[in-house]
Structure formats: structure tokens, C-alpha cells
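J.: Starting from the known structure of chain L, arrange chains Z and S on it as the hints suggest.
Protein chains in written order, with the numbering used here: chain L, 12 to 127; chain Z, 39 to 560; chain S, 20 to 178.
Since the hints were derived computationally from the structure, they do not count as laboratory data.
For glycine and all other residues, C-beta sits at the position ideal for the given N, C-alpha and C.
Each hint should be verified, as a subset may be incorrect.
Said to hold, decoys possible - Taking lysine-lysine and the DSSO-like style, the derived pairs with C-alpha atoms no more than 27 Å apart in a straight line are:
hint : chain 1 : residue 1 : chain 2 : residue 2
1    : L       : K36       : L       : K121
2    : L       : K36       : Z       : K210
3    : L       : K121      : Z       : K210
4    : Z       : K210      : L       : K41
5    : L       : K123      : L       : K41
6    : L       : K121      : L       : K41
7    : L       : K123      : L       : K36
8    : L       : K123      : Z       : K210
9    : S       : K83       : Z       : K66
To be verified - Going by beta-carbon spacing under 7 Å, a handful of chain L positions derived as facing chain S:
hint : residue
10   : V67
11   : Y71
12   : T72
13   : A74
14   : A76
15   : A101
To be verified - Derived Cβ-Cβ restraints for the label pairs, each shown as a range:
hint : chain 1 : residue 1 : chain 2 : residue 2 : range
16   : L       : K41       : Z       : G531      : 54 to 64 Å
17   : S       : G138      : L       : R120      : 39 to 49 Å
18   : L       : D118      : S       : M168      : 13 to 23 Å
19   : L       : M80       : Z       : R254      : 24 to 34 Å
20   : Z       : V517      : L       : Q86       : 27 to 37 Å
21   : Z       : V320      : L       : Q86       : 24 to 34 Å
22   : Z       : A85       : L       : A98       : 24 to 34 Å
23   : S       : L36       : Z       : G417      : 27 to 37 Å
24   : L       : D118      : Z       : H554      : 53 to 63 Å
25   : Z       : G242      : L       : A21       : 52 to 62 Å
26   : S       : Y47       : L       : F19       : 27 to 37 Å
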Amino acid sequence: MSLGNLPFIASAMLVILGIYTLLFKRNLVKLVVGGSLIETGVNLFLVTFGYRTAGVAPIYTYAPAAKRMVLPTPQALTLTSIVIGMATTALLLSFAIHVYRHHGTLDARKVKELKG
Amino acid sequence: MTALVPHVPALLIAVPLLGAFLAPIVGKLGRTTRNGFVALVLLVTAALAALLAVRFLGSNGSPILYVMGGPDGFAVPLPSGMATPIRIMFEIDAMNVFMVLITALVTLCAGLFSFRYLRDRSGGDLFYALFLLLTTAILGLEVTGDLFNFFVFLEITSIAACGLIGFQAWQKRAPEAAYKVMTMYTLAGIFVLLAIGLLYAEHGGLNMAYLASAIRGSVVDQVALTFLFVGLGMKAAAVPLHMWAPDAYGEAPAPVSAVLVVNSQASLYGLFRVMFTIYGGVANAVLLGWLIVALALVTIFVGVTVALLQNDLKRLIAYGALSQIGYMLLGVGVALVTIPTKPDFGFVALQGGIFHMINDAACIGLLFLTAGAAIRAAGTRDLNRMGGLAHTMRLTSVLFIVGALALAGIPPFNGFASKFLIYEGSFQLNPFLAVVAVLSSILLLAVFLKAFQAVFLGPRPEGASVGGEAPLGMLVPMVVLAAVVIGFGLFPGFFVERIVTPAARALWYGRDAYIHAVLGGF
Amino acid sequence: MNSDYRMSVVVRTITRLTYGLIIVFGFYVIMHGHLTPGGGFQGGAVVSSAFALLLVAFGSAGLKGRVNRHWFQTLEEVGAIFFLALGLFGIGTAFFFNLFANNPGVPFGQSVPFGPNSGAVSTAGTLPWMNWAVGLKVLTGLTSVVIAMLIGGRKEERE
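The following block holds chain L by itself, in its conformation from the complex (with noise of 0.2 Å):
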């Protein structure tokens, strides 16, 4: 059975329930889940690139003998990419905590110290 452009529609569909969270809510912890959202639909993407038809991982330990290997490269692009997320998420749920600490408030309507 193939998976025809499933991965892709998924892809896509993450990405779009990220923005749907950026626009539409108000707590900062939201905020962030939704960006977290949007990176793992651009990382899907990212993965699904490399798919090659009945391809196996692309692993030299135990593999079955002459078989196709998917892409490695869009793997590594994929890790590397997965890693600076948990950074920015790690950062900016930080800087929450701070913001929670001074104004008492995580609504993010309520925090607009910072105009014009």
C-alpha cells in the first residue's frame, strides 16, 4: 500500500493548526505550543522528502541486503532542526516565566508594557 501524499497533507495541516494557535490565543504558554506546531509540521515535511519508494532506513548495521535506502541527508537537516526548536522552546517558555513573575498574568493582552 502506498502512501500516496498523506505525509504532505499532514504536514500541511499541522502547520496550519500552528497558525490557527498563534492567531487565535491569548496565553503565552499557547503561544509557544503553537510555534512548537509549526516546526514539527516543517520538519515533517523536511523527512518526507527523502522518502523513496519501499525504501528502508538508511543504516548499514543488519539491513536487509540490496534493497533502496531513503535519503540520509534531509535526516540529519530534520535533527539538527529538531535541536534548535528545543532550544527556542526552552528560551521562550524562560522568558514566560519571567513575564508570569512581573506582571502577575500570562494574557498576553494584559502584558503590553511595550507600545508604539
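T.: Quick look at chains Z and S alone, frame taken from chain L:
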């Protein structure tokens, strides 16, 4: 030691990175040791940058290629005889060297300034670790020859810059600014990553020279160009994607704001590299040029007019910095439109836009550093509550006025030289552009004179804290930047010939040399 | 959440039994990064999740005897410097040159067998060393982040 000379491009990244990792350990030995160590690392980095620049001064050297981990060149030979361009490499031509010089100068001055500026605050170890990490990442952005490596360094600059913006976390506004800025930076990074994914799927390789030779202009390539434009434009603070810039420059500590300007310029360099080298033979130059000219005009206008309304000194300078990015974009946009038909005038505009990068970095750096000294002496950032600082801070006020006049384009400072080139080039295209540019310069002069009068002249308000002249540790970097401002203004031809013209030539005419250095006879 | 809230007995018992296994599995993933999926970051994240599990099950008291914050910061810096030093070892040829590969006298120096094989651990030169450096940095770094967020939030609660 001379055996290390071929490895200068790698050492340019490795030395500040090693400094960033060692800074917390050295910091345990004491504050003075740590300051001396950081100063040493910054000086060595500047020396390496100067060593790299010697090769390209005024001549047309071919690009330097440095392959990571490969003695056998960029292509890994497989047993079947096929060679794939898969290693990561640094490729340095005159444009890269120009940006590296800007970075080395501004980070050295900002770093030396920060020793005294942050003396009475704790957490200095982590500040210098983040500062050196930001330096490493900006330098890496500017020398890399691989598009995904570019993305990785771009994200490292985002993280390090936001860590530094929110550094003064005990205040109310800094974490909020850092949160907003980090969200915008993350979105910009995602756009760039999408574009890189599309380019990889279309062409199968991520080396910049390989992509430059393989691009054909299909729909996927055009979509990737749009995403790269949006992502890198967001990081360079072009209007209408500029909302993060006043918060970032305004809330960061003063030396960090100067380095953030260099960060935006490095993203702008990335945009130029993508447009001119990777898409050079394929993109519709006239359409792209007019789009950039439109964006540039909006940026210049919005930056200057909103600066009029500011009461906060650092946000005022931040909006001024925003409008200057518009001047650089104007120079390059005019070049893109006119070079196919009138190459001489277009090349002049390109030189103006690129020369303005180093002038803007020096002037805005000087302005932010003097504003930092003034704020430290007055204890407040509100223009309505500062005043009369010129009585005690004579040299600082002179340096502030030097930076303000230079930025507004008054002779004999360096801003006049680069802005004159931009005016000349854009007047040839359409007089309206030059009129808007000149009027905005005059408005900028008015804005800065208002700020100068509010901060330095007039009577000192009652209850204000009394501070003396800025200490020597803060004065020396400011004087160095002012020397650059005045020197570039008095001898513009000398500097344009040595560093700007090779860079502009490498950007416009150097595409074949760039590809040839990597792919050889492919 | 007041300070005498505790997780149930089931959670605490299972955590006591399995956190050691998770740490060992994480080290296995780091060690065999050049042969099987995994490597420095993945293994480090697995080990750090063991510490996060301890935090969730026992609160900050769960880490008192087991994790020392100053040790963790020093180990983090050691990991980072070790990675950069490995890159600089081969600077005679190029930065990040794989100095130890195909060099039978050195640990991890054998040549990699060609084609599908059953995996030889002692191969691939500098790569396993770099996996260890990155794994060390990631496990200490992620654990420090989790501890800082938890204890930072707690202090606010007490004030």
C-alpha cells in the same frame, strides 16, 4: 604559527567559540581575569579578520575555499567513481570579508565598552558566554558557503541575541521584549527552513555554489525565493516586518544593541548573497529591484516619522537605525533596476548601499554606546526627565553629536559619502526617490537634534542623580568608533577603493568566480 | 500545589525501578551513535528524561542525593570544550578532520566494513568521541534547564 595561516577561516569561528565555552570557567577565577580573557579573544578575532582582509584589499583575488574536515577537496569520492558535493565549506570573497570587518570592529568596541558598563551587575560570566557566542554566530553567517549551515548560524544568532536582550531580567520590560522578539525570530527561521527544504528537494544539494549553477527558475525556485525573502527580510527588520526591532534595540543593554545592528546587517548580507549569487542568472532583476525600492522607501519613511514620537532615548535611536536599513535596501534596489540598462549608475548605487553598511554600523554603534553612557549617568531613559548632561560629560556629548551628524548625512562625516552615492544613483532612476531620501535625512537630523537638546543641553532637572564624565573604559571604544566615522568621512575614496568596490564587484560580477572556485571544471 | 502533595505509590515505585534502566539505555544510544539510529543529542535527551521523571515523581526532593548543580554546570562546560578540542586536534589538515579513522592502533580506529554488516563498535574514529562530548553536554544542559524551571517556579510560590 605560520602553519595555521591557511586555517584562518576555521579559526575565525573556533576562537570566539572556545572563548564562549571557557568564559564561565575563567570567570570563576575572578572578574579581572575574565575581562582580560574576553578582551584577548576579541582582539585575536579582530586580528584574524584583518589577516583575512589583507588578501582582498583592492585586488580581485579569487574566493578562498575552506573545506571542513576534508583534505581531498569538497567532493567525497565514492568507490563507484561518482563524486558528490557534500562537505560543508566556507567560501570567502570580497563581500564576505567586508562583512567580517564590520563585525570584528563593532564587537570589539562593544565588548570593551561592556567591561565597565556591566561592572556593578552580577551574572557577567553568562553575559560574556552569550556575547562571544553571538559573535561566533554572526561571523559564521558571514563566511559560510553552505545554505543549511547558514540556517544553523542564523538560529544561533536568534537564540544568543534573545538571551542577551532579556539579560536584565529583573526589570519589567526586558523579558517581555525578549519573548516577542524570539517569537518573530522563530517565525523568520521557519520561513528560511521551508525555503531550504524546497531548494533541496528540487536540486538535491545545499552548497551555495552548487545551487547557483543548478538553479533554473522553475515555480519551486520562485516560491523558495519568496520564502527566503520574507524570512531574511524579517530578520533584517524591513517594514512591514519590523515590529520586533524597537523592542529589541531598546531593551537590550547598550553594547548589545550595537551588536544587534550588526546582526540585522548580516541577515541583509544573506539576502544579498541569495539574490545576487544563487539566483543571479535567473531572477527577474527589474521586478525584484522595484519591489526592494518600494520596501526601502516605506522603511525609510516609517522609521524616521515614528522616531519623532518617541520619548525613550534608546527607542528613538532604534527607529533611526531602522530607517538606515532602508537606505541600504534603496541602494541595492536601484542597482538591480538600472544595471541591466545603465551599468555605471547602477554600480554607483550598489557601492553606496554597501558602503552605507559599514557607516551605519559605526554610527549607530557610536550612538548606542554614548546613549548607554548618558543613561548610566542620568539613571533614567525618559527624554523628559534627562537634561543638562553636557556640563559634566563634555566628550560624550561631542561624540553623540558626531554620530548624529554622520548618520544624517552631513559632510565631512562618513554618512555623507555613502548617502551621496545613494542619492546620485536613485536620482538617475527617478527623482522622487532621491527627494524622499534627502527629506528623510533632514527629518532624522531634526530628530537627533531634539534628542541631543533634551539629553545634553538645558538645565539639569531637580532630583536627578549627579554623574561624572563617562569612565575611561567606556570612552576608549567610543573614541575608536568616532575615529572610524571621521576617518571614513575625510578619506572616502581611499576606503571605497580598498574595501567597498571589491565587495560590490564580487557581488555583481563575481558569480562565475564564486561557482568556479567550488565546482572547478564541472 | 502545596508541599505535601505526593504522587501515588504506583508512580513512585515504578520510577525507583526504572530510572536506572533509562539512564543506561540513554548511554547505550550515545555509545552506538555511529552504528544505529541515535547519537549524542538523542541519547542525552533520553538520560535527561530519566532525571525529569525523577523530578515529576518525587518533586525536588527526588534529586537531592543524586544531582549536584555545580557538578552539572562544570560537566556541561567540559563537554563543550571537549567537542571543540576534538575538532581542533586535526587542525594540521583541516578543522574537524577525522584524525582517528582508519588507524588501527587507536581506540575506535578500525576501518568501517563495506555494505550491510552486523556493526563493529570500534570504528569511525573521532565520531564516537564527539558523540560522548555532545551527549554529556545535552544531558547536563537539559537537566539544568528542567531543574531551573521547576525550582524557579517554586521559589515564586513560596514568596
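J.: Can you list which hints this structure breaks, lowest number first?
T.: Those not satisfied are hints 10, 17, 20, 23, 25.
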